[in-house]
Structure formats: structure tokens, C-alpha cells
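Peer 1: So you can see what is in the structure, the chains are spelled out below.
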Amino acid sequence: MSAPASDIRRPRGLLHGRLSKAAARSASALGGSALLCASAVANTSNGYNLPVGVTQMSRDIYDLHMEAFWICVVIAIVVFGAMIYSLVKFRASQGAVPDTTMLHSTKVEIIWTIVPVVILVVMAIPAAELILKMEDMRNSDLSIRVTGYQWKWEYQYMDAGAGIDFFSTLKQDSNFARELHSGVDPNTVPNYLLDVDHPLVVPSGTKVRIILTSGDVIHAWYVPDFALKRSAVPGFINELWFKVDPGKEGIYRGQCAALCGRDHGFMPVVVDVRTPDDFKKWVEEQKAQIKQAAAAPTDAPRSAQALN
Amino acid sequence: MAQDLAHDTHDHDDHDHAPTGIKRWLFSTNHKDIGTMYLVFSLIMFFIGGSMAMVIRAELFKPGLQIVDPERFNQMTTMHALIMIFGAVMPSFVGLANWMVPLQIGAPDMALPRMNNLSFWLLPFAFTILLSTLFMPGGAPAAGWTMYPPLVLQSGDSMPMLIFAVHLMGASSIMGAINIVVTIMNMRAPGMNLLKMPLFCWSWLITAYLLIAVMPVLAGAVTMLLTDHFFGTSFFNPAGGGDPLMFEHVFWFFGHPEVYIMILPAFGIISEILPTFSRKPLFGATSMIYAIASIAFLSFIVWGHHMFVDGMPMAAQLFFMMSTMLIAVPTGVKVFNWTATMWRGSLSFEPPMLFAIAFLFLFSIGGFSGLMLALTPVDFQYNNTYFVVAHFHYVLVPGAIFAVMGAVYYWLPKWTGHMYDMTLAKTHFWLSAIFVNVLFFPQHFLGLAGMPRRIPDYAVQFTDWNMVSSIGGFAFGASQILFVILIVKCVRGGQKATDAVWDGAMPTGLEWTLSSPPPFHSFTVAPEIK
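Residue numbers (this note's numbering), protein chains in the order written: chain A, 94 to 401; chain B, 26 to 555.
Honestly, the hints are just simulated from the structure, not real lab data. Any given hint might turn out to be false.
[To be verified] List of simulated lysine-lysine pairs, BS3-like, C-alpha gap at most 25 Å:
| hint | chain 1 | residue 1 | chain 2 | residue 2 |
| --- | --- | --- | --- | --- |
| 1 | B | 521 | A | 200 |
| 2 | B | 521 | B | 451 |
| 3 | A | 336 | A | 373 |
| 4 | A | 182 | B | 451 |
| 5 | A | 384 | A | 336 |
| 6 | A | 374 | A | 384 |
[Said to hold, decoys possible] Ranges of calculated distance between the beta carbons of each label pair, as one might list FRET restraints:
| hint | chain 1 | residue 1 | chain 2 | residue 2 | range |
| --- | --- | --- | --- | --- | --- |
| 7 | B | 315 | A | 252 | 24 to 30 Å |
| 8 | A | 214 | B | 133 | 33 to 39 Å |
| 9 | A | 195 | B | 140 | 39 to 45 Å |
| 10 | B | 492 | A | 194 | 51 to 57 Å |
| 11 | A | 214 | B | 318 | 19 to 25 Å |
| 12 | B | 162 | A | 273 | 47 to 53 Å |
| 13 | B | 256 | A | 370 | 55 to 61 Å |
| 14 | B | 189 | A | 204 | 49 to 55 Å |
| 15 | B | 189 | A | 381 | 54 to 60 Å |
| 16 | A | 275 | B | 318 | 33 to 39 Å |
| 17 | A | 206 | B | 133 | 39 to 45 Å |
The beta carbon of each residue, even a glycine, is placed where N, CA and C say it ideally should be.
For reference, chain B alone in the conformation it holds in the complex:
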């Protein structure tokens, strides 16, 4: 499929002789090729992480252990999270940024193309290392993606592999983020001031700062785990005077901004798609930017809400509860502004719009459960139950991942030069949108009824909702195969896409002024923005 894409882009490549074959990809410094590699990589990881989710849902289909032993189950939950977060969601957003940021700001390429190559090529190595632990004696990491000590210090050989992989992913993310910041700050076309910049670029600019701020914190935390395990330090080991709660504080100081790293670019995508198919500019664009910035700021002062049950002074409980609830305000502004964008618009329901609308509804449901979780006293009931699992899957699957799929459906014709199969895309949408709810909505009930998360087996009163959830899971997983078929078909051919692709909707933005697919090197002469 990559070869076909290569073929198409070469039709438009008049001046430059890019290397062909494997060298084109290994040594690529082209933002479009690197973006493609990121996206393909994240799709592969989505399926690997998804297959682990299938194992989890199969084991939880009924009480009793049928498929995996508890240790393997813990490896599945841990690896599922690590792969989906660091392998699927984050690289897919970086891939979209690689493709779209230069096109949207009128730049010829990313500012640091060689670093761009390195930041991508670290990822296959990081995930080969991480996935190899599945086949090692003792198996893969099983202490949860949160890696809480002292449990994680009981890991076998998988632990140094995990930490090295996390370091590589972190280095990759930091380089990707630096590249995006430098590109946006230095390479905007003349006349494109920051407030004229598309919302997707804005959301990524802010996300990139979050990444630069918190990935080193994660690297520091896991390095301390490493020295605790192998070099006799006692940062987190209570037997040596260490403090296991300090790890949680440091981890969640990274972890909460990380949550927004996985959703802010989605906000940007939705802010691109909704106005196009509402045929109306984004309502309150400036306040949308301020809302993203406020969410990013607040993300640094709410980490304690992950740790209410771990024991915290009363004042800290109050502070983290209030600060967390405050996040609802800018997030509410975003949802209201999106609604106002559709209000008195002229709506049509192409696949990207369908995903954006589903995002609005289902992300809001995740927001509501988030608001409930913020209330400290009730959090003592919700914490570490399936209610939390339902909450974060609602914001990550029909939130972040639906946004990525919406973005792919929005820009795929631009990338490949072909329209895709609309019927297949709509089928994929409806199956995904229905089964994601069958999969995750019952988990609210399970959590409220008292089922803890991360358990391989459960008391029999939880059977019914688990069965429903598992059926939803299998159907959701199977529906994603349609997505791959659709992409492969679209890359290989199809009706020619026009430059604006969505002619009826007249999308705005520099990317739609280029041919579809865009030339291998675009905007070699900077466009003028009036």
C-alpha cells in the first residue's frame, strides 16, 4: 500500500528525485512520507493492542478462568494500555501533524526533517523491545501501565526492557514535539499570524509544549525505578526509607498532562471537521484557542485526583477536587462552541462529519463521568472500579480514536488523490459507533456495582454486563477490519479527488489549495495569506 502511495506522489514530483524502494522510507526526510509511516505504524499498533483487548474481553466473558492465567491477564492489561497510548494514539496524532501542519501553515516541510526521521524510526525499535518481552521467561510487564512500585519492582527481565522502551518512546515524542513547535513558530507562510492559524495547528502547538514539559518527568520516574531495582537506591522502596507515593505523584504529574496530550489534538481535528460540514466558520474560534490553553494549564495542577484513595491531606483533597472540576469549564466552552457551530449551519453527513458528531456526544458522556469522578467523596466508590475504565475508554475510544478516524476520513482523499468507498466508510462508522457503546456503556454499571478493574475473574453477579461488554468488544474489534480494507482500497485507486475534495462543503485552509495528492514537495514558494 505504501508503494502505491509512492507511485502516486511521484506523478506530481517534477523536480526532485526522491530515493525509491526501502531507502525512500528508511532515510526519509519528507514530512508526508514520515507522516504516512507514523499513521501506518499506529494502525498496526492499534490492531496489536486491540488483539490484547480481545484476549481481555474473552477472558472476562464469563466468570472462572478459561483462556489465560492471572499473570498473563495482567500482562495483557498492562501491554494493551502501553501499546494503545504510546503506540497507537500518540503516534497517530504525530502522523497527522506531520502530514497536515506544513500543509496548513504553508511550509515546504517540517523545520527539522532529519530529526523527524529519527523520531519516527525510534518507535519501531521501542515497540519491538516492548513486544519481545511477551516471549521472554517471566513474560511481559504485568504491573499496570502506571508502573507503581513496589509491585513493578517485582517484575523480572521485562522491567529493564520496559524502561528502555519508555525512554525511546519519550525521546521520540520530545523530538516530534520540538519539531512541531519549531515548524509552527518559524515556518508559517507570510501573513499567517498565530490567530489566523487553523485550530488543528493550535491544538498541536499546545500539545507539543505539554509533551516537552512532561515526557522528561516520566523518563526521570522510570529511571529512578531502574536504579531502585538494579543499583540499590531506595527512591520508592519503603524498606530503604523510600516513598512509594512519591512515584505516584511524579508519575501523575506526567500522567495527567499525558491525558490531554491524547485529547487536545482531537479537539483540533473536530474544530476542523465540524465547520467544513456545517458550511459555517467555527463559532468563537479565539475562545476555542483560549479554552485549549486553559485546559493545558489546568492539566498540570490536577494530578492528585488520580490518588485520592492513596491518602492525602484534607487540604490537598479539596484543592485537587476543585481544580479538577474547573476543567469542566473550558471543556464545556468547547462543546458549547461546537454545538453553536452546527447551529444554523447547513449540515451534511459525510464520514468525517459522522465521526465528529459521534465524538461530540460520546466524548461528552466521558466528560460527565469525569465530572462525577472529580468529586472526592464519591471517587472513593468509583476509584479503581470499572466506572473508571468506562470513563477513560469513553474519552479515548469514541474521543481520541474517533477523532483520528474522522481526520483520516477527512484528509485521506487529499493524501491519496482518491475518494474512498463512502458506503464502506459509513458502514464502518455505524458499526463502530453502535458497538463502542455496547462495549463500554455496561462498564459504568459494572463499576458502580463494585467490580474492580484489572481482575481476571469476577464474582458471578457481574456476569451479565461483562457478557454484553465482551460481545460489544468483539464486534467493535471486527468492525475495524473494514477501516483497513477501506484504506487499502483508497490507496490503490478510486474516483479522482478534486483539490478541495469536499467541493460541496468548500473547506477552508491552505491544504485544500494544493492538488490531491499534493506534490512531494509542496509550498516551495510560500503562499501569501491576506
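So here's chain A without its partners, still in its complex pose:
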């Protein structure tokens, strides 16, 4: 299943703008694992619109979103324009006389039934094409089983990463600051509520398949920059995939998106996207640590060791 590293496209360096520069800079300056706490947040949302994201799918979804938005704007201009014209032009106080002959017109009613249907078809076709693309789970290079728990995520690697298995929970500084009357200003906590102890590490330029389920209640795994959100349902498996563009390595943040109890707001999803080479190194490190841990068993949890 797993593709050899040579098949995977190389990152194209600085051609990818500010974000990849920032990612590349911090990667070279701090080294792979230091990225976890680096401030190089790769978030492509501008604070009031969808993120364009870093996958082909997220860009397609962004385009569809903008297409739908502009169609709505045009309809709004026409319809609101007609309303505003009426409000200004046909005022009783200006002596407007009602035209009570205008009660019904089959012709215009047919027009304003057919035109919306055409617009809807225009919107539905690209949407349907995207659905087909999204549901195509074939030819994935790396599969990761993601399990939601109250209130953390478990990541179990398959394929090249087989054996790597760890939990991902809210970072301690956020977890302290978010207590009622903690006295800590959230603005002073780096990546408040959006940082975890052990992020999911994935390679760029690789089709990663997520096999999603839950160990207790329904959660949802949500990474806006990948345009990815699916419910983790106990007793069910949901499949999803993403492929981050080469050169867009960095840390991408999201959070649980289905009400899952008291700490629903406090189980972030953090994905650390690395180059295939760095990912390979990371996998080897993890495997070496697992081996070491197996040789010298301690009481400490395996996942904590494996990631240090």
C-alpha cells in the first residue's frame, strides 16, 4: 500500500508564498520536532471567510463556496433591488396609487420558477462532481485510524507507520488557562485551545486516508485547512482522505465539531504536515523508541515515551 519515498513529489520550496516560507524557515531553524511549539501557524483563513486551504479538495470547495456566494449576491441585488425600488417608488405618502389589476401573471411566475431551477443546476453540477471526488478512497498511500474519546483523539498508524499509536490531548497551558476563574489571560497562551501534546504527523504530497470512529459518543474530526470534517460515530467507520500540497508543510489546527459533552470545546485536532523525508525520519524515530520502550518496560504510558 505505501508508496516509496521516491515516488512522492518533492516540496517546491519557496515558490509557495508566505506560508511555506514561514514553514520552511522554522523547519530549518528549529528542526522537525521543534515545529510542534513553533509559532508558524499555517492557517489560511482571513478571519471572516473560509480558508482556501492547502489541498486541491479544499481549494475546489473554496471555489464552490465562492461561486455559491456570488450567485447569492447577484440574486440578492436583483431581488432586494426590486424590493427597495418598491419601497422608495410606491409610497402612499408620495401619492402612489395601487395598480390592483396586477394580481397574477402565469408568464412571470413560470419565469421565476424556471430561472432558479437553472441556477440550481449550475450549482449542483460542480457540487456533485466534488462529491464523487471526495468519496474516492482508492490509492491511498498512508492510512491512519483516528478514534475520538471524551475528550481526546487517538491516532493509530497503519502501512508505513504500523505500530505507532498515541493519544492527542489539549496542551497543559491551555488546559490550565481555560478553567473557570483561572486568572490566566488566554491571549498570553500560545495557540490557546488549539494546541495538543502530540499532533498527528503526516507527510505532504501523499494521499492520507483517515479511518474514523469513536470509543464513546459522537465526535467530529475537523481541520478547516483541509476542508475536512466527518463525524466519529461509535460502532461505525467513516472514511475520508486528504493530500496536502508539497511545499505547504506546517501545522494545521482544528477542533472537535460535534457536541460530545462537558469538554467538547477542549479537544483540538492538530496536524503536523512534514515533507515525506522528514516524515520518514519521524516514523523511524518513533519505531526506534517503541522498540526501546519494549526492551525496557516502565510504568509510564507508551504514547508519552514514543513521542519525546
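With the hints as your guide, set chain B onto chain A.
Peer 2: Same frame as chain A, but now just chain B:
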């Protein structure tokens, strides 16, 4: 305030000795009194649910937890939704139907007056039970108004209370709906055939069928939750071979028609108000009725759009996307016909008309975001974010609730016999219309930027829009106090209203042929419709 209303109606009550005092209300079989009780009840619930919204907006004013812990926050969001949906919006529409359906069709009362009494009096008990959970160990329900298992099965003592309350509300709604169907089908004045019937009655006739169809589905779903929790069944418990997604399917088979239960009567109200103050009959009245009927039909085949992210076969995703988008067609016809009603009319801007116009604009914005949400691939981004919160609040607050307020401003002089304070009403309108947008429009941005709903605390990049939204929320909430002051003032006195109330606009409909206020028993002799 109720006593004053009683006093006024008695002036016109020559033949009948209705009981007075508390008995008048407890044992009432009069559609006008029951309608009044429904409306007062829903106003009280609007303020209780609204105060919970204030807690939510206060907690979300800035990042970090300041006021409530996350569990209490979840109770607030859950209870806010349950109270606003089942306590405020639905009873207010039933109250309007009680008051207006007999007056509009020329009937002396509702067809089943004793059941009418029961269907109202179940509600105070249902909501006392529901609200009592706030003071119980473990607190109120906190799993969302959607009650998704397995989370809801983790609830404590509040869960059986919630389910019993939902059963009572459901029984009340079904009885109210049966009453409206029977009244409309059997008690129309001679000559009033269905196509001559006012649009408000039409919208309620269709809504009543939706209620009868889906409230039992909800009752069944919550009963299965109850047996899963207490009697060892495994309908929805995966550990026992159950299926949590089945609950979502059953719930939304109820839930989507429920959405239209909360908006179709609003369509009816707008179709009454706009023609009056445009001084021109409703454009394409027949196609308006067909549009409501098509929306009602489509509401049964679109429930899957609430569950795209929960995992669904590709064919189902395509089907639910297309069927959902189709709803835009009849809804568009309605908006276009309303616009055409104003076109070449003669418009004046009394308070009911102001609310109706705001409805047209702001409900349309909710419709646009609804259309965007229908697109399955993009829904994976929007789902369960504040974009959804913005969407459904746009259709429910400046949609359904503005329509109810428009209806109150339209018919209040008819009910009380007094004109209300026009300046106060316009002030209430402008404050509401401005701040509802300050409150909900920024939530579109929050959702698109990735803020999930139902979280008590958020990452700092969401701070600015949350602050704006909270300020809008507090101002919108405070503005509603004007509404109460206005109603109390109007019930207690004011300039006498004429029979037609809106003389300059010459409203059409049987209700305007009666005195203001109408006699305690109206249309004891059926009017003839030519």
C-alpha cells in the same frame, strides 16, 4: 394585563356569562382566551429562553471562562433551544391560530374547545418539568436539543424529565393541530371555499398536517432513548448492537418538517400583512398556496442534509443535496410574489409592515445561507460551525419571530380594542432590526473562519466577532422589553381602535368586520361569503 383584557371583552359580551377570575382561564373553552394564554405563555418563554441566550453571549464575550463552567454552558445552549422552539415559537403560532382562524373563517369558536383547553394547559406543566431540571443535582439536559445518543444517554436525572416534557409538548402540539384541521375543514362560513380562505389559515392548515405527521415520530424517538437508558434496550447503543445514526435519521425526519412548522405560519402572516399595507391583493395567491404545499412535501425528503458529515452513501448525499436545493424554488416563488405584491402598490409603513419588510430581507439572507449549506461538499466546511448558527437564527429570529411580532402589531388593536403607541412600536422595530443583524451577521464570519458551535470558550482569533455579536445580543435582548411595555400599555388603554383598525389601508378579511375588540362569542350566526 389579562384581567384588563377580560374587562374589555366583557363589555361586548351580552348573552353569555363566562366564569370570571382564575376559573375563566383554567376552565376556558373560548378560543380568544386560550389564544391569549398561548401568546402570553410564549412571551414568557421568549424571555426565559432569551435570558439563557444572554448567559451564552456573556460567556462568549471574550475567550476564557468567566461566568459558567462548560457543563452549565451546555445546559444553557440545550435549554435555550428547547424553550425557544417548543415554548416560544410554536405556542405563539398556535396562539395566533386560536385567535385568528375562527375570526378569519367566520366560525364561532374552535371545533374542539375542551381539547383546546387541554392542549394549552399541558404546556405550563411540560415547561415546569423541563425548567425544574435546572435546579436538580446534575443540572438540566446538556446534550443539545437534538438529543443525540450516546451522549444523551450519559445524562443524569434530567433525561427522563426532558423526555416526559417532550411527550407533553408533543401531545399538546398534536391536539392543537387536530383542532385547527377540524376547525378549518368543518367550520368555514358558507361560501368560503378553500381557495377563498385567507393565506394565514392556509399556512396553518398545512402546518397542522406536518405537526400531526411528525410529532409522533419525535415521541417514538425519545421513547426509544428512554428504554435504552432505563430498560436495557439497545436501539441506539452500539455496544448492544444498536445504531446511533438511526436516531439521527428518525430525529431529523421529525426535525426538518419541524423547521417548516416554525416558518410556514410566518409565511401566512406575511401574506396577510404585505397586501394590506401595499393596498393591493396578494400577487399570485393560488401559487402561494401551492408553494407552501410544495415546501411542506419537500420537507419530508430532505432530512439527510443535517447529517452529511455523519457518513452517508454517495447516492444519499446526492439525493439529499438535490432535494434540499429544490426547496429554494417554491421559497423563491414566495419571495418573488411578495415583492410583486409591493410592486406598483401604495405602501405605508405601520409597525406590522415594517416587521414584514424586515422579514422579507432578513429571511432571504437566511435562505441564501441555507442554499449554500445545501451544497454537500461545502457543507463539510460549514457543518456544526457558527455559519449554521447564523443561518438558522436568521430564519428563526428575523424570520419566524419577526413574523409573530408583525402579527401582534397587526392584530393587537383588534384584540384589545386599543391602538398602541406607534412611536414605541417603531422604536422597538428599529432597535430589533438593527441589533438582530449586529447579533447574528458576524456569526457567519465566525463560522467560516472555523469556530465550531456549542463551545463555551474559543481560540483568541475569534474574539472580535464574538464581542460584536455579544453586544448585538445584549442590545437585542434589552429592546424586547419595549415590546412588553407596549403590550401592557395597549391592553390597559389607549385610543379606541375602529373595526377595520387600519382604516387607511382597508384590510380585507372577516376579522375586520367585527368590533374591536370582538365580542366574547363572535360569528354566532355564520356570515355569508359572496
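Peer 1: In ascending order, which of the hints set out earlier in this document are inconsistent with the structure?
Peer 2: 1, 5, 7, 8, 12, 16
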